[in-house]
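J.: Going down the list, the sequences are from chains W and B. Take the first sequence: its position 502, counted from the start at 1, is 502 in the working numbering, and no numbers get skipped. Take the second sequence: its position 444, counted from the start at 1, is 1005 in the working numbering, and no numbers get skipped.
Please note that a few of the clues may not be correct.
As the list claims (entries may be wrong) - Here are the simulated DSS-like cross-link-like pairs (lysine-lysine), alpha carbons at most 30 Å apart as the crow flies: (1) W:K52 to B:K605; (2) B:K911 to W:K131; (3) W:K416 to B:K911; (4) B:K751 to B:K933; (5) W:K416 to B:K615; (6) W:K131 to B:K751.
Claimed, not checked - Which bits of chain B does chain W cover? Going by a derived footprint, with three or more residues having C-beta under 8 Å, they are: (7) 791 to 799; (8) 819 to 827.
Said to hold, decoys possible - What the simulated footprint calls covered on chain W by chain B, stretch by stretch (three residues with Cβ under 8 Å from a Cβ of chain B suffice, anywhere in the stretch; the number is not a length): (9) 77 to 88; (10) 116 to 122; (11) 214 to 224; (12) 417 to 423; (13) 487 to 501.
Read the hints as simulated data drawn from the structure, not as lab findings. Glycine residues also receive a C-beta, built at the ideal position from the N, C-alpha and C atoms.
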Amino acid sequence: MPRIRTSYLVASSLAFFLLVFLVIPVGKVIYVAFQDSSTGALTLINFVDFFKTSLFRESFINSLYVAGMSVLFASIIAMPLAYFTTRFNFGGSIIIQTLGIVPLIMPPFVGAVAMQLLFGSNGSVNLLLDKWFGLNIPFMEGLNGVILVESIHYFPFILINLSAALNNIDRSMEEAAQNLGSTGMRLFRRIVLPLAMPGYLAGASLVFLKAFDDLGTPLLLNVNNMLATQAYLRISSIGISDPMGYVISVILVIFSLFSLWVSMLASRGKDYSGGGKGSSGLLKRDMRGWEKAGAYCLIIFLLVLVLSPHISLLLLSFGTIWSYSVLPDAFTTAHYVEVFSTTREYITNTLLYAGIAASFDVAIGVAISYVVLRTGVIGRRWLDYVATGALAVPGVVLGIGYLRTFNDFNVPFIGKPLASWWVIIVIALTIRRLPYALRACTAALHQVSITLEEAAENLGAGKTATVRKIIVPLMAGGIVAGFVTSFATATVELSATLMLVTAESDAPLAYGIYVFMQSAAGRGPGAALGLIAVVVVALGSYLAHHFIERNKRLQVNSTGQ
Amino acid sequence: MRLFGRLALSTGLLVCLAMPAQALEKQLTVVTSYPKDLTTTFKKAFEQLHPDVKVEMLKKKTTAGVKYIQETASNNSSDLFWASAPDAFEVLKEDGLLQKYEVKATGIPEVIGSYPINDPDGFYKGFAGSGYGIMWNTRYLKAKNIPAPREWEDLAKPVYHGHTGMSAPSRSGTTHLTVETILQGEGWDKGWKLLKEIGGNFHTVTERSFGVPDGVNSGQFGVGIVIDFFGLSSQASGFPVEFVYPTVTTLVPANIAIVNKAPHPEAAAAFIEFLLSEEGQKILLDPKIRRLPVRPEIYAQAPKDFPNPFLDKSIGAKVKFDVVKSKNRYNLVNSLFDVMVTYRLDDLRKATKAVQDAEKAMAGKNNAEAAKMIAEAKALIAALPVDEARSFDKDFAAIFKKKRKKATDKVTGRQAEVEQQWDSMVKSNYAEAAKLARKAQSLL
């Protein structure tokens, strides 16, 4: 059967890619977790140590608590934004959707400084509170601070995937429910929300995993008692080869996969796909006057909340000196002049790298989700697990793994090691951001009815034609969502990149920010570079949304509705 | 006359350096942790001198730089490693990843402060010194009505509670040297006691050394323990901050070394010679760079307030720094600091606060029972799981090194095991201390 052979071919090339660029390099680094440090023999004693150490047990519970609470708060922020913009005729819903993605881009270091200047114990908000009410609220302290930042930072995962899912619900389902007399909240709770579940689950599981595995935020708040920080601090200190850092990494990966498996159980055995025709999104209606005012108030409040770090970043990039004051002392454009005159290549490199990486991500994401959901390849779920496991691998581990694995492999014609060729940075970004695209694509494919493919095949279309002409167009919303999240987060990736940059001319923007943020005078230019990343991504995702909307209108027109 | 002399000297130097320039390779790759201001200035000056050589400055955090050189060793493309922390060089040296180099330049003394400038084994060379000190945000201190600190002991006072910050020694090699200096200067027990008293006042322990000036500059916390150029360059960039050297300070050399099997060894050597030449050393005086040159004669050209460790013996000379001692217990000290301060900062802070409150309530009163409880609480906070003799025990220190040279090397005990023992002791001590102090206060 040629068809089965093709699916095995696709599956095994995906497996090969993951094996070479994820499993082997990471394995080469974290094998020490299974090694007795005094004899070099294989052992599980390090894992026993992990569970015996109270600090690690506390860290584990802290990470779990933060991840759970972050999902809760991220859902509270994301749901209204997703619902209002997809359900109602709403002026500027594309803009809201676009701005909703911006929080994903938190440039390294400068993002932290901007957050502290705003919400820190002596940031603008607390300085004002102190002046007016004599209050000081510790927004940025301890685990609650981490939850606040994680929810603001990662709620777009839910927003994007939930919106894509809502837009993909078969209108006839909703119409049927309405004909049977269901309206309002009941309609939403019983029909709309369950149908959008794959999108919500995709987003929520990403928030959970990301908050559980995240390093940047706890480091920014100097919260050390969490798993990812413990792993990082132990791996990246000089000269110590304490295996515990790698043990923690292994535990992070295992636990991430476990929670992914649990979230998959939740959606197993349910059919979310639309009926016999292509899905066309919810019925949009106009809001009454007071409804509209209320919705606008809520949305504006949420947007101001989630965009405040970026407003602070904007001030930082135009400010001269900003120290223990509500606003910077004065404003200047000098930082932008410096950035554009010295570091333009960082920006073009970033566009190139993140663009290629995100394209690969959606291509691989579509392929994996197809193999997992539509074929009978043995062990296919492992493709999904392994690719998603990348989320839990600290960037520095991947970076070291690449250096270790590919430094002796000279690329033909280029004449230098793969590890020092710029393409390795693209591959690292692809692997690190693959889980985002993969979850989005899987959710999208969940909503495509298999009957459409069967119809196409009955009419004589081959597998390739079906995938190209039926499945991919129907998944478009999810694919774009995956592209946008992968692209946005790839533009500011630093930990693996910093390991792999071998020439300044090949360096991306995040490296530029790092270089600036090493000196006191570099804060302004660093913020300017960070803001450029934000603008670039916002423009990109605006165009992407524009593209979906236009496509949808075309589709609607061509089906004659 | 003076101008003429200097001109003649630098032309002479130019000629001398220009001679071997014919033989230099066309490229030079430097792995460095230094900021842009320093690297671009040296890159430009060097390229001017050797127009044929293209210098690539590869900026990586010290830790990332070390890992990078380790992992790429089999197919090495880096020529020089250029960073501050001597321990990073030690790690590379032990792995056999550095190359010995005999400096041609003369006139550089053996020590700066009390720290040897060059690696005694000849692998890495010091090219500048930096001293540790205290920086503070003037707006912050004024708004909160806190006096400016002068000495390390000041930072242990209750008035600084929650207002100071520092990086962890395990995260920053230069911070490690400061901790080790305090331990050697004050003695193991007294030194740790002081460090914990200071630590009990911390607002935060930052993950990278630049996090400290960053936090002080923003006003996130008021006072930071930093290396001099962080404080002084922040001031030069316009932030409302000031910096002071306490009496007990170290001078930490900043180093450079040729990487083993460097693809461009001649250019690398030329860069080191340039760095140590009068021309190169003069660049260090630039306010944006501001490090202490290792050539004593350069100080004649320095601005008025520039500290001169070769004349002013108070800088970094009070402590006779024992490099061997420091090296043997290197990772042990880092781990101990993390267990007692970094990872248990909340507990330490609570205990310290309780003691400070109790002492405040005690002021002017006479209550023997309460005084005894406070003293007990303080002793509990200061208690150490390891005594000094054990810190020098080679077998014990080996647990934290874990770098097995040969397959036959054996180490008994595991770091995680030891850390867990320390942690449970430290945690219960802090909790007990807080309880005692509160009880004492309730008696007053």
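J.: Now tell me, hint by hint, if it's right for this structure.
T.: Consistency of the hints with the structure:
1. W:K52 to B:K605: Violated. K52 of chain W to K605 of chain B sits at ~54 Å, over the 30 Å cutoff.
2. B:K911 to W:K131: Holds. K911 of chain B to K131 of chain W sits at ~27 Å (cutoff 30 Å).
3. W:K416 to B:K911: violated (55 Å)
4. B:K751 to B:K933: holds (20 Å)
5. W:K416 to B:K615: holds (18 Å)
6. W:K131 to B:K751: violated (41 Å)
7. 791 to 799: holds (count 6)
8. 819 to 827: It is violated: at least three residues are needed, and the stretch 819 to 827 of chain B offers just 0 whose Cβ sits closer than 8 Å to chain W.
9. 77 to 88: Since 0 is below three, the answer is violated.
10. 116 to 122: Since 5 is at least three, the answer is holds.
11. 214 to 224: Coverage by chain B holds for the stretch 214 to 224 of chain W (3 residues, Cβ < 8 Å).
12. 417 to 423: Per the Cβ count (3), the hint holds.
13. 487 to 501: Check passed, 3 qualifying residues.
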